[in-house]
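Fit the two chains together into the complex; they arrive one by one in their own frames, and the hints show the way.
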Amino acid sequence: MARTSKDGSMDASAARRPMVVILPGAVPLGQYAKDLVHHRDLFFALAGRQLTLRYRQTAIGAVWVVLQPLLSAGILSFVFGSVADLPTDGIPSFIFAYIGMLAFGAFSQAIQGSTTALVSNAALVQKIFFPRLLLPLSRTVSLLVDFSVGLAVAFVIIVANDVSLGPELVLMPVFLVFILMLAQGVGTFLGSFAARFRDFAYITPFLLQLALYASPVAYSASAVPKQYLTVYYLNPLVALLEAFRWSLVGTPFPSVAHLSYAVGASLIAFVVGVVTFEKMERSVADVI
Amino acid sequence: MSSDVAISIEHISKTYRIVTTRERPTQFRDALLERARHPLRRVPREDFRALEDVSMSISWGETVGIIGRNGAGKSTLLKILSRIVGPTAGRVNVYGRLGSLLEVGTGFNPELTGRENIFLNGAILGMKRREIRRQFDSIVEFSEVERFLDTPVKRYSSGMYVRLAFAVAAHLNPEILVVDEVLSVGDAAFQEKCLGKIDEVANEGGRTVLFVSHNMSAVQAICSRCAVMEDGRIVFDGDTSAAVSKYLSSSSAEGSGADGVFDLSGVGRSSGTESVFRRIELRNARNDRSSQIMMGEGLQVRIDTRGLAVPQHELAVRIVTEGDAPVTTVNTAQRPLEVLEPGLAQELVVVDFDRLPLVPGRYWITLILRERSAARKEHAALERIDRAAFFDVLWSDVYGSGYSMPGSRSKAGLMFAHSVWQIEGEGRVVAVTPQEFSLAGDAHLS
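Taken in sequence, the protein lines are chains A and B. Each residue of the first sequence is one higher than the one before, starting from 0 at the first, in numbering that gives the first Met the number 0. Each residue of the second sequence is one higher than the one before, starting from 0 at the first, in numbering that gives the first Met the number 0.
Next up, chain B with everything else stripped away, as it sits in the complex (with noise of 0.2 angstroms):
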């Protein structure tokens, strides 16, 4: 072990025991009573096991992403690590001031002023008064809710509320921080927002940050390294690509989209009466099976259908961001195919999108079904279902510069673009784009 320690986890385990047969009596009176009448039987339990044995040892200025699905245990080791619950085995030595985000607004009273609030979160996040006060115009002014500081925050519109106490959770300084999946409430705006200051403190040197987290593309972005959790344990510690891959091609349950196959048997129709769409698949440029893609790549989006006919059924698939922006639409009307064979039942239509120049994010995909209409007019879709599947673009250097866009989607907009800079003065050109940038970039694209 390294003097450079931050954390280290040592063979920490955590069971929770499980009442298997019936509730377990939360009534003192009904355990005394349970108790009274089976004085000799034992209460069937059985041990449920968090955490198996997970060791990790993290090192200053560390960023480490951990990703796993629900359940695989992520929470209760960030828990553990913030003190909130006991592990049952196993030891931790933290090296220093720890501070852990698992849910933003937690402590916030409705009651309570803006002002206060500020004050009251700060203190139960752990900073010292003066602290707060010498942040607090800082904090105000992050949270954008200045002119509203002495009204309680029960008038708050939603966005207000999570922004201040964002802003409160943004100025806690530890020298380690520990962050959930805090990242899910609020628009995709805000969420940005958080992953751009998680990276700044990422950044600031020194410091460690242990990020947890369901978005690929935030992990990729911000961690170097990547712990990959599954049933209670650690099945993958190391580089952080490598540790996306592992997890994507470990969660193979059909349907749960990880994979990039969405079952849509299930799922409720958005409007129409059809049931035509039966499923979804999702396919990288190298024809894996995936939801993930990298910036610029390619998409096949192949759809099971039942009952389709092309020449009288229009189908258009739409791609929206995550906060319901469309951002593209093809159908078969721009184009109209051409039937080779006619009066056989289509069952896998497949779409190829060439390149998408996206930037990192989640996208969501929507499928329409109308009846084809001569007359260019809209019919009412026969079936459409909102956000059927997703898939998350994830950083790759398209500029070949390293060039990264560290969660700003809203200030850098949804595609990215090749451009070619040229300075002139005097008649003169005095700086220029080098060639080999914007070639690398092509080079990676094609």
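Okay, chain A solo, but in the shape it has when bound (with noise of 0.2 angstroms):
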């Protein structure tokens, strides 16, 4: 060691610091930082596995990207529309399932893909070190290609119904942000158990369905009993959904309170996933 300090000429990989410390318990968070910026084009190549995979394997492609979101917010609207009349802030009841679902769709894709992201990719986490972040991470990204094409969708819709676009449109992307952060907050912590409990993987289903229900998807928030609205706006989607449409379509924004509440909430969400998700990764293989 002396010799090294005294001739300063050594290659860089005698360096008297070790790259890597493999000590017992989770990674240090700092560490974990590093290796996931080392990892980054193990994240794109992921994330691009995952694009090529669900538009090859299905005979029509990217058409039944755009057929799914079209068919439910028909179904929808039927259902709390023309049945149950519930009302949609003075847009056409299709124009707005539509555009709640095309929030809820990555929503809802985003938990399942995390929440699966690791009993699916078994064989890799068993036999190669990367961090198991990348996987719910870049399922995640993947899926903004699926909402762009739902979304030229939706400015079709809403220009061929004279539905005015405003420049809110330029906010879209943050509401967007938050509900993916939502979204992968729930799922890698859901994430985290299912790899040691595979029923994680009946429960999140179960749990969309109900969000789907409690939110304002296909109805309005308006349609809310005023007693019930407190417990109601307790569910951070309400308010990010109703921003996230008035920024598209012009419907009434939530109150700043609730608004700043969901922002809070989603934040607290994504970083308790992450870092349960990155506690636990370390016995993933162990148990998985």
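Warning: the hint list may mix true and false statements.
As the list claims (entries may be wrong) - Reference excerpt, derived from the structure (chain B facing chain A, CB under 10 angstroms, subset only):
hint	residue
1	Ile11
2	Ser12
3	Ile79
4	Asn108
5	Arg361
Claimed, not checked - Just some of the chain A residues that point at chain B, by a computed CB distance under 8 angstroms:
hint	residue
6	Val20
7	Ile21
8	Leu22
9	Asp40
10	Leu41
11	Ala46
12	Arg48
13	Tyr54
14	Arg55
15	Lys126
16	Ala284
These aren't lab readings, by the way, just hints derived from the structure by calculation. We put the CB at the ideal spot given by N, CA and C, even for glycine.
Rendered as structure tokens:
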């Protein structure tokens, strides 16, 4: 050691500071962040794989991505709009439901993708090292392509129905990011346990179904009786969906208090979810 | 500790908690129900120590083998070094870029094309995108699948699949390479190609290789230093040939084969209805029980039999390669036995192979028992056991020049031979093989 420090001309590989220190327990967050940056190419490769597979394996490819929200918006607007006659803030119920499904679809796919990310990549997790967080993150990012396709269709529908697009549109990505952060937080949190207990894979679709009815996807929050509103807005998705829809078609903006709560909740969910995931990922290969 | 350490492993332990009574609940509901039913009962668990206080320091440029029986902790150690799982106690300092190869083809996606898989798999193994692009042509050339690059790999033959997977892995360029028993897949030619590549990496200078294997001749060919693991501990660490003999002497489980003893009583017969063969024991030139011989050494095959009747029975011993190619067959009809004492039940058959000029690698022994036929026509086997036993031929300096045959049986052939070379020009001898080299080789053989 003395030799190195004296003649400073040793090559870089013999640097005295270890590149990696392996210790028991969870990986320190600093090291984890370094690993994430180091594996950034893998992040894009995984997201690319996700996209290629989704658009290649199906017979009608991209059409499916468009068809799915259209069909669900159709049935939802029929049930909530025509049958139950619930209000949709003065815009056609189909447009209302389509925009709701555009955001909710991204939310629900991000949760499902993140929850199953570890289990469906078990072989990889047991044989190769990389920050496991890349699995759920890359899945969520690949959803943005689906979302963009759906958004293009939304523009067509909006313009065709003479509903005006306003400058609020520039804020849409912001609300989308918070919706996805909430989904990522919940998804990675559930995913942390899904590796050990497989039945989280069954709980998630059920929770998402509840969320669909408990959020203003196909009906306006104005239909919710006053005495329940406080409880209703505990669901952070409510204010985020309202803000999202506002940015596209100018429906009422949620109150600042509700929106701040929702933004705070999604930030907290994201941090809690990611940190929980990071803390347990070291033991995943042992139990998966 | 000197300044050229690549990895220092300090007191690493890994403990798994295993539930001893019944299965651990994998349903969250079951776990809750169990807890609700018996809130105070502690689930009986037992600690299983996969690794116990393992310490080792590996320098730059070293090629270190790790050998030991299944369950000795070799793979757990590699998984900790690769950071796939964490240790329970201890510390490891890694002083360079470490790449690990615990399995060939992990992360390959059958739906993606060969080209797409090269990029995906490269990224999974830790390569940068631009690094993969730079090496792309070389990877394709190594894999020999260029015509199928844009075909989904699910349509590949298994050979093509493995070749492509290994081609990607072979271009991984870490400063420290950690390799598990990946070589156990694929045919013999492929295994040798892999070994050659590892050898190349190891000899490139400055790079460190950690190599886990059950293949003693591969370990001997590649590693300068070798550690032996037993029950989660390192029981020996030092010179490779000393490590190999330590391993061979410690693994004395009867019938496992590693010690040269093969119990045949429970082994399925490849054909025939008799069960004359009971057990095979192999001995090396020093008359020690072993399934390892040096290049050019003799081998003794001792077969315990019951109910063998030599004049009526014809007994054959065939040696085949790992890839099932016959190397040689000896039988009692080639040089009929002179029966000294008729009427006795022959209980032990001893076959001595004087010298086996085989190149390093694993070979298998097949036993065949037939009715003796005066008409010299082939009878169906009364009893036949394919691959009843194996032995490894280890490298030795048969040419006396230090020349080794690093993992290239496919090119070099099965047999080594001594040759004397002479080049003549203008009616004079201008170059000649030095006599003492071939003599040294001969001396070793006899």
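Consistency of the hints with the structure:
no., hint, in the structure
1, Ile11, "holds (8 angstroms)"
2, Ser12, "holds (9 angstroms)"
3, Ile79, "holds (7 angstroms)"
4, Asn108, "holds (6 angstroms)"
5, Arg361, "violated (25 angstroms)"
6, Val20, "holds (6 angstroms)"
7, Ile21, "holds (4 angstroms)"
8, Leu22, "holds (6 angstroms)"
9, Asp40, "holds (5 angstroms)"
10, Leu41, "holds (4 angstroms)"
11, Ala46, "violated (11 angstroms)"
12, Arg48, "holds (6 angstroms)"
13, Tyr54, "violated (11 angstroms)"
14, Arg55, "holds (7 angstroms)"
15, Lys126, "holds (4 angstroms)"
16, Ala284, "holds (5 angstroms)"
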